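Colleague: The listed protein sequences derive, respectively, from chains A and B. With the first letter of the first sequence counted as 1, position 79 gets the number 74 in this note's numbering; the numbers rise by one all the way through. With the first letter of the second sequence counted as 1, position 219 gets the number 221 in this note's numbering; the numbers rise by one all the way through.
Certain hints may be false.
Here are the simulated lysine-lysine pairs, BS3-like style, with alpha carbons at most 25 angstroms apart [to be verified]: (1) A/Lys188 to B/Lys134; (2) A/Lys284 to B/Lys134; (3) B/Lys134 to B/Lys175.
Read the hints as simulated data drawn from the structure, not as lab findings. Treat the numbers as computed from the prediction; the structure is a model and nothing was measured.
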Amino acid sequence: MIPGRTRARLGWVDAAVLTAVVVALGYVFHRVEAVLEYRWDWSAIPNSLYRWDEETGRWVPNLLMQGFFTTIRLAILSMIPAALFGAVFGVLRTAGRLFPRLLSRTYVELIRNIPPLVFIFIFYFFISSQIMPVLGVEDFVRRASPATLRSLELVFGPAALIPNVISGVICLAMFQGAYMTEIVRAGIQSIPKTQTEAGLSIGLSRWELWRRVILPQALRRVIPPLAGQFITLVKDSSILSLISIQELTFLAMETAVSTTRVFEVWITVAALYFCLCYFLSLLFGRLEKSAAAARA
Amino acid sequence: MIELDGVSKWFGAFQVLRDVRLRVAEGERIVICGPSGSGKSTLIRCINRLEEHQEGRVVFAGRELGADAAGLTEVRREIGMVFQEFNLFPHLTVLENCMLGPVRVLGMTPADARERAMEFLVRVRIPEQAGKHPAQLSGGQQQRAAIARSLCMRPRVMLFDEPTSALDPVMIKEVLDVMNDLAQSGMTMIVVTHEMGFARTVADRVAFMDEGSIVECLPPDRFFTNPADERTKRFLSQIL
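Make a model of the complete structure from these sequences and hints.
Modeller: As C-alpha cells, this is what we get:
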C-alpha cells in the first residue's frame, strides 16, 4: 500500500529497545525460576482441552475447549445485535428531531457511565428473571423436535445452556452497542453536509439518501474503529463469567481450581483469547483493504 | 415558471435576503452576480429549498414551496442543481452517480438509466470517464459529471451555484462550453457566477445583488453599458 516502503534496517535505537526487552524478559524469567520457585507442570493442560471419552471412544472437548467454543458463539451471536444497536442508535443520534436524539443519548450515556460489570449484574438479573420467561426460551427448547434441537445446538451450544447463552448475548450486545453507537455517530457526522444537499437536490427521499449516500460512506469510514470494538467485545465477553455464563473464563476458573495449575491454565486461556482476537484483527485488516480497493 | 415574491431570510439576527422579487420565465437564462456575502447562493438555494426562507413566497411551476415535505421531493426532482464543490458521491462511479436518481427517484430500470446516463455523459464530453470514481477525475471533469448527474433527472430548471469558482482557467472553459450548449438547447437556467463573459453572451437578464437584495436586473447589453445604480457601477468597475 505504501509506495517505496523501505526494507527494515536495524538502527541503534531499535537495537537499544531490543536489548531492553530481552533484559526485562530475562529478569522476569529469572524471578519466576529462582525466586518464586514455581514448579511448572503442564501435564494437566492437554486433558483439560480435550479428553478421551470411554463411552463413545472418541476425543471430546473438555472444559477449556467447551468454554472456548461458547466464547466464540457468544462473540459471533452478540456482534449482530450489537452492530444493529450501534447502527440504529447511531443514526438516531444524528436525527434532526429531539426525541430520537434524546433516546439514543440516554442509552449511550447510561451505559458508558456505569462500569460494564455493574451494568451486567443489574441487567442480567432483570433479563434472566423477567425477559427470558416472557420469551419462553426454556419451553421452546424443551419442546423442540430433535431436528430443530440439533440446529439450535449448532448455533447456541449445548441445549441445557441455551437460555444461559442467550441472556449473555443480550447483555453483551446491549453494552457493546452503546460504544458502537458512538462510533457510527462519528462516522455519520464525518460525511459533509454537502453530500446530503447533493442527494436532496436530485430528489432522493430521506430513506434513499441514508441508504445510498450517507451510510455507505459512513460505514466504510468506521470499519477500523468498529473492528477494534468487535475485538473488545470478544475480550469483554469474559466478564460474563461473573453471571455464570459458562464461557472460557468461567470454565477456566473451574479448571484452575480443580487442577490447581493456576498459571498454566490462565496462560493457556490467554493464548486461546489471543488466537481468536488476532484472527479477527487479520480478518478485519483484509476487509479494510478490500474496502479501500473498492474505493480507489 | 419561478416566482420569488418578497422573500426574506435571516441567519440569526443577520438578514441575508431582503424582500427579493424575481420572476423567471420558461427558457429564460438569468445570471446573478454581486460581491461575496451578498446573498446570491442563499437565494438560489431557496429555490429548491436547501435553505428555508422566513418571509415571502417561492413558487415553482405553480406550486408554493413550504414545509410540506412530500411535495418537496417532487419539486426537487424537477430542479437540477450544480454546486461549487461538485458534491459528487465519492463512493460511486461517475456512471453510478448519474444513475442513482433515475433508478431510485424516477423508478427507471438500471438498463434504461444507464442508457440515459451515457447519453448525458456524451453531451458533457466525458463518456470515457463513466467507470471511474470522482476522485480520479480533474475538477473540470468532476463538474461536468455533476452537470450530467443533474441532467439525468431531466429537470425543467438548472440552478448553478458558482460552478466554476473552484476551477483553474482551462477547466473553467470546459465547464462553460457545456453550459453554453445547455443554454442553446433551451434549458431554463439560473446561474450564480463571476464569469462576466458568460453573462454577456448567454444571459437574457443579469441581476446584481448587494446586501441581500436585487439591486437591478437588466438585459446584458444595458447591464454592462448603462447600469442605473451606483453600486452596480462600482462592482462592474472592480470586476471588469
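Colleague: Give a verdict on every hint.
Modeller: Outcome of the hint check:
With a C-alpha separation of about 23 angstroms, the suggested pair A/Lys188 and B/Lys134 falls inside the 25 angstroms cut-off, and the hint holds. With a C-alpha separation of about 19 angstroms, the suggested pair A/Lys284 and B/Lys134 falls inside the 25 angstroms cut-off, and the hint holds. For the hint pairing B/Lys134 with B/Lys175, the CA-to-CA distance comes to about 22 angstroms; that is within 25 angstroms, so the pair holds.
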